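The numbering used here puts the sequence shown at residues 33 to 178.
The set of hints was computed from the structure by calculation and includes no laboratory data. Predicted model, so just to flag it, every value in this text is computed and none were measured. Be careful, since some hints might not be right.
Claimed, not checked - Now the in silico label distances, taken between C-beta atoms and shown as ranges:
no.	residue 1	residue 2	range
1	L129	G167	17 to 23 Å
2	G142	E105	36 to 42 Å
3	K125	D99	16 to 22 Å
4	F62	P124	19 to 25 Å
5	T141	K168	19 to 25 Å
Heads up, the beta-carbon is just placed ideally off N, CA and C, and yes, glycines get one too.
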Amino acid sequence: MSKKILVVCLGNACRSQMAEGYLRYYTNGFVPVASAGIRPGELHPLTVEVMEEDGIDMSGHYSKGIDQVDRQEYDYVISVCDEAQTALPIFPKGTLLLHRHFPDPAGATGTRAEQLQEFRQVREQIKKYVLKFVGKELQDVPIQLA
33 MSKKILVVCL GNACRSQMAE GYLRYYTNGF VPVASAGIRP GELHPLTVEV
83 MEEDGIDMSG HYSKGIDQVD RQEYDYVISV CDEAQTALPI FPKGTLLLHR
133 HFPDPAGATG TRAEQLQEFR QVREQIKKYV LKFVGKELQD VPIQLA
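Generate the whole structure from the sequences, applying the supplied hints.
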């Protein structure tokens, strides 16, 4: 039986979407992955842009709230910001709760190029985290590294 993963952040606009995209990519679709926000907003257009720069297809991604997912079905819940970690609802016993804070690129200011650079930096941090997670927790899943 495959393990199911939920990634949570505050708005489900940037960080959790990036993590979901990489998890789907690196697990070749063998692992069900979803993301949600404590207070969902809109998927940030720069999230889509920087992920597509790295070959990750974000079509079909949209922001959803934590109340829109079935908390009973996940083996892993990964919070990717401190705000989400402190506001997580109760998950069933046996669900592994993991936390790694990443800065929120949605607050980036400056020129478009400077904002893109912020998004790229966060993307690379999340990519590195996801690769470590997949290597450690999902050893039985055929992964894609290219």
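(request) Please name the hints from earlier in the document that this structure breaks, with their numbers sorted from lowest to highest. (result) 5
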